[in-house]
Every structure is written in structure tokens, then in C-alpha cells.
Amino acid sequence: MALLDVSHLTMKFGSLAANRDVSFAVEPGTIVGLIGPNGAGKTTVFNCLAGLYKPTEGRIVFDGRDITRLPAYRISRLGLARTFQVVRPLKEMTVLENILVGAYLRQADSRRAMQIAQHCLRTCFLEEDRDRPAGGLTIGNKKRLEVARALATGPKLLLLDEAVAGLTSTEVRQMVELIQGLRREGITILMVEHIMEAIMPIADKVVVLDGGIKIAEDRPAVVVENEEVIRAYLGEKFSRRLKAMKEAKPS
Amino acid sequence: MPKLHLQSRDILWGALVCALALLPLIPGLIGNSFRAHVIILVLLYASMAQSWNIVSGYAGQTSFGHSVFFGIGAYGAGMAVVTYGLTPWPGFLAGSVMAALVAVLISWPCFRLSGHYFAIATFAIVEIFNRLFMVWDWVGGALGLDYPILPDGWVNFVWSETKVGFFYGALALFVLIFGIVRYIETHRLGYYLRAVREGQETAESLGVNSTAVKLAAMAFSAFLAALCGGFFVQYNYRVDPPMVMSLDVSMRFVLITILGGVGNFWGPLLGAMILIPLQEYSRAYLTILGSGVDLVIFGLIIMLMMIKQPKGIMGFIEAWQARSRERAAAKEGV
Amino acid sequence: MDTFAQVVLDGLLTGMLYALVAAGLSLIWGVMDIIHFAHGEFLMVAMYLSFWLGFLAGVDPIVSWIASGVFLFLLGALAYRLVISRCIGKSAMPPLLATFGLSLFLKNLCMNRFSPNFRILQDTLLQGKTFMIGGVVVGLPQLATGIFSLVMLGALFYLIKKTRLGWAIQATAMDREAAELMGIHTDRIYLLVFGLGGACVGIAGGLMTSYLAVHPEVGSLFGLIAFLIVALGGFGSIHGALAAALIIGLVEALAGFYIAPVFKYVAVFAIYLVVVMVRPRGLFGW
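Protein chains in written order, with our numbering: chain A, 200 to 450; chain B, 115 to 448; chain C, 104 to 389.
Calculated directly from the structure, the hints in this document are not laboratory data.
A few of these clues could be false.
[What the hints assert, rightly or not] Computed list of lysine-lysine pairs in DSS-like fashion (alpha-carbon distance at most 27 Å, straight line):
#1 A/LYS404 <-> A/LYS253
#2 B/LYS422 <-> C/LYS193
#3 B/LYS422 <-> A/LYS290
#4 A/LYS341 <-> C/LYS264
#5 A/LYS253 <-> B/LYS422
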């Protein structure tokens, strides 16, 4: 059974439909990418999943439970954690304290919550900054703090909203390494992404949105061949480049 | 840095309480003197400010309505003694529980309001309570409640001969409230309060039910503010609405905390230690200049502080610590 | 029926008086987004000035509002330069508390200098003069205040919406940094706005001594009601403030007459709570 099952999701703001009849599923233990051009409705889907918006129509089933209209904190308690595209550090708290807030979700005891937080701190390469106020971190560290904090809530499914956007290439590599590490730990990941280079190599499946509608859902290698996807989003150029890369390096 | 073990500041804290507890042994210091009065007021106002600090400092929901809870506590004790002829103790409990209930009922809708709208709603609530209590015969109306003459001692919680009893009462209140806040600060609720202040949506994404957290903070805060109100009425032997339920009383909670350092454990104590002696001594010694001079000075200090250091005395201390750290780093040649 | 008409008329005229008092606060709040706690005390200072002008020099309030308007403009500008400009910024608390400090300072200074006694000017031109329309009595001073109120709100509206200066003020209100980048000297705009806010309340206070007593606490209640009006009307909306002032005047008069006089302010504060629960950004807020 799928860990997350989105069926016929429609989200309207007034008369404007940001999403229309979007359905897809996320299998346990996989990395799924949610991509699409600007304004395709990716973040809206995301906010519906995380409980920030209440969808107009449709159903979201997570781990066998209907979470469609639950408030954000209930969804988080069920094991679906998220990061924010525009990072939201709890500025006047230190990095460790930020993560500790997440860790307290599964562990009311301070000592044990602290152990969870320390673990997440290491996993996300933030040890050097543990006692610094979160407001003063670099953007790369803030993005990893988002992940660490969500991770500390002990999620089954982690929603990453543009976790690599705006990072340097070193930082992107670090983040990709981190994400693959999380999958090895058994956490399922759904990531909204703009940067193709980051998502294509690690995703088991990508879901492509355009104009609020799902236009494709398949393995990355198949999706990049899809005519509609190329037209809508990737652009001829990237597709050609990818093809050229494949031909030059035949497996 | 989370505090899980005994730290230097816990030791400092223990030492402070011990030192305070031993104060009455110094002959002539506490007796029935003006100095004792000032020390008792410092402890009382520090406790009031700390109770406010829970919801407005740690949780970031600035309330100008705390005099309502303070007043309910004061009336709880006052009515137990004057109206029902009991000891004040059941009144302390009833007043505090009632204040917590009222706080939750009032705050539930108000937490939806943001910024100035929330602030003004809390002003409005204070005015409503003030005016209702003024005409409510059951609570004594505008005349208020005057204490009969009672035997001294802990049973009645009044002392007319010496202020030592009130001193220990204030100290107990102070230790209780600071202890509770210290406990909250180092445990889950404390982290949740600060998380809600720093970003409500972020906190919710981490499984924090922010409404419940804010209501819990408000309930604790109101309960403790009401306890302070109970002490206040015992200390003054009387209560009427303007004494306890007014915008000016509400502003006491706010100003002491902010001048000391808002959202900081020591802030309320520092604020009270500076403001209360200043106010009491200027009131006592500047009478020659006519009434109101103490509040003129008070007003000037507030303006100066907001200009120089809006983070209060803790802001000065933190800036000083940062400078000395820099100097130490420079010395090591980093 | 006549009684009802009389109560409604009194309510509306009270509302106009409140609108006059709140106009300056609406401007300051709308542009600078601060709670100006000393607004009521500015009103008190204006009333004292007008009172002493009348008492010592025999100037009628119908004239001395000009002097108090000018004086309060200067007081406002001075308060901005010395205090507000130095603590305005990211957080809402420092300006709020600084103006609270200013209100304590002004209130107690007047208490100290002028004593807590109520003082009222005798034999002003408008005092006690009434006339009848249909079956209702109209007080001349109240009517004059009402007319002043409409004229002043109209002038403010014109200033904000139709003049170059008004556009600069609006730009500053929307986004201070962007306005600064467009070459608007926003510090000077703030100075002017604070001065104008003072002038508005100065004119109100100057005029009010025609029929109202002055004492050090007079500003507290007026100031609080002005907050309610501005918040109720919606962030920086001048017509919203007028509507809110009329509603509050009506509620006060009706509750005072038909329930009990002691409940009139309870009703006023309660109506604020009820309205913001339904519309958390005020009647005309967005």
C-alpha cells in the first residue's frame, strides 16, 4: 500500500483553481520529485498535504488515515514532516534549540529529546553551529536546519520544499548526500524541486505539474522523454543536453 | 544551549534565595521600616512581572490585560476575608483558579487578533472589568472591601506589628513563581512557548498545537498573577477596582519586565530592583516638589530606556558580555 | 419618539467629537503604524493651554484653538524628534512604551503644576447655548464641534488623497524603504505626520474647553476611545474612523440612556471586542 495517496485534489482560491484533479501516490522507501514550471501549483499541493490549506475537493490519505482537513500540527504528529521553501528559522533560538523543538514531539523527557536532537544535528552536518542563534546562519545551513528540525519529529514521510534552491554547488552536493542518507534510514521523501540536476539522479519517480494539472508521472528517465513535459517545462535545450549526455556515455 | 544539569546560574539562584531568607536576621533591616516595605514591593513586583513574562515574554503575546487577573486574585482573597469571614487561603486558591479560567475564556477569541488589535482588545477588557466591578455590589462596588482587624500570623496572613511575616510571604511567592518559570523554561513547554513566539506556522509544522500552548501559557500566567494579587490585598488591608484593575496596574507588569529584559529569566527581577526603589524613594523624598513627581521621573526613565536600550537592562548586560568576549578573543590573537 | 431622536442626535454629536479627537491618531497610526499612547495627554495639554488663554487673557476657545493647534504641532514634532524617531523601527513595543512614558510624564507634570482639580471656563461664547429643531434640543458647542470635526476630516482626506505631499505620505505609509529609495525624505514625513497629528488633537482640545472641564486625567478616557475608534475603523482609514466614531457615540448614548449610565463605556468597549472578533482588521481594514 502506498504511504501517501493523493486523489483528485482540487484547490481553488476564489474562482482561481491552483490545482485541478491532481492524483498521485508515494510508495514507502522511495524518493519522489514533484516538479513543474513556476506557477504550476507545486507549493499549493505541498501546503494542502501539510495542512496549511484545506483542499476544495479530493482526498489525501497518509499511512491509511484520511488527513485531508486536519490542522498542520496533527498531520505532523502522524509522521508527515515538512520544510519551508523560504527558510523559517526560529531566529532567537540556537540551532540545537530549534532542533530540540522538533525532537520534543516524540519525547517529552528533556534528556532523551536532547539525544534525538544531537543525532539530527550530526546527520545534517550542523555540529559546528549548534550553539549559534539560528537567525545568523548562512542560507545553506538554514536549509539543512529546516531538514534537521523536521527530521527530529521522527517522520515517516518528509516533504522537502525546494531544499536545494539558492545553494552553491558544494552545498547542493552536501544536501543530496544528506537526502540519500535519509532514504537509507528508511524515510520516504517527497521533494518539490526546481533544480533538475539535483532531483533527476536521486528520484525514483517524478510527478510533473503544469497549470495546476498533472501531466506526467513516471521514472525520471521516462519523464524527460515525454513530449508534453519537454514542451511544458524542461525546454528543448535541457532535453537535448540530457540526450547528448546519454549518447556520449552509453551504459 | 539547553539546560539539563545544574548550572552556575542555578547556584547563583540558590545563593540569592538563601541570602534573602537570612535578611531579617540583620537587626533593624526588616522590622517595620520603610526599607522593608521597599524590599517586599521589589519581591512582589518581580513576581508579578515574571508571571506576565510567561505569556508575553516567552510566548510573545503582549498582554495589557494582566491587571484583570491580578484584580481577580485580589478580590478572591479580599472576599474570603471580608465577605465570608474566612482566612484568605481558600480565597488565594479560588481567585487564582478563577483568574486562570477567565484568562482562557478571554484569550481564546483574542489570540486570533494580531498586533495592535490584540493590544487594544486587552485594554478594552481591562476597562470593562474595571467598570463592572465598580458597580457590582457583591464585590463591594466602588467603595471596595476594607479588612477588619485580625490577629497577626500565617493563618490570617496579616501582620501589623512587624513586616517580617509579609517579607517571608513575598519571598515564598517570589521563589514559587521564579521556580515555576525556571522549570517551564528548561522543559518542553518552555521550548514550545519560544517556538510559537518565533514562528507560529513553523511551530505547527513541528507538531506544536500553538493555540493550546498559548492558552496554557495564559492560564499559568493568570494563575500566578492572581496569587500576586492575593498577596497585594493582604498587604494593603483593602481593595477597590482602581487599585488593582486598571490600565496603570497592567502597565506595571509590562514596564518592569521590559525595563529588565523581556523573555529573560532575570529580566523581571532586575526591572523591579531598579524601578521600585526609585519610585518609592522619589515618592517619599520628593513630596516637597508636590504630587506626581515620582511618575514624572518614571515616565522620563521609560522614554530614556526605550531610546537607549529597548532590550532593557539585560540588553546592556548582553552587550557588555559580547564586548568582553570580543576582547578575550582579541587577546588570544584570533 | 422625541426622546429617541434626542438620544440619537446626542450620540451622533458625541461621535463627531470623538472623530475630532481621533483624527490625528488615525493619521499617525495609518502612516507610522505605532500606538501613540500620549495622544490623550496631548489633548489634555491643548485643553489646558486653551483654558489658561481664556482664564488669564480672556481669549475665547472659538479663537484659541488656533494657538493650541500650532502649539501641539510643535509639541508633536518635538516629541518625534527627541523620542519617537530614536526608537521607531522593527518592533512595535519601544514606540508604544516610549509614548506611554511620555503620557505619564505629561499627565503627572500637569497634575503637579495645575493640581487634580477640574477647571472650566465661564461664559464662553458657545457655552450653554441651545436651539430647537422639531422636538429636539441641539447644543451649540456640540454642533460647532461636529462641524469642525467634518471640516477637519475633510481637510485631512483632501491632504492625503489629492496633494503631492499626501502622495508622499501614502508612499511612506505603504513601504518606508521603497519611499526612501524613491527620494522621499521619510524621516521628515514622519516628523510632519506626528506634528499634524498633534495639531489635529490640539485643535480638538482648544475647542473643547468651550463646554468641557479640563483636569489631568481628561485625556485618559478620550485617548482610549480614540484607540478604539481608529482600530475599529480600520488601519489608517479616515472615513472608517468617522464611521467608527459615530457608531461609538451612538452606542454610548443608547446604552447610557436605555440601560444605565454606568454601562455606557462598558457597551463601548464591548462593541469593539464584538466587531474585531468578526472583522479582525476593523470595519474598513483589509
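**Message:** Of all the hints numbered above, which does this structure not satisfy? Sort the numbers upward.
**Reply:** Hints 4, 5 contradicted; others consistent.
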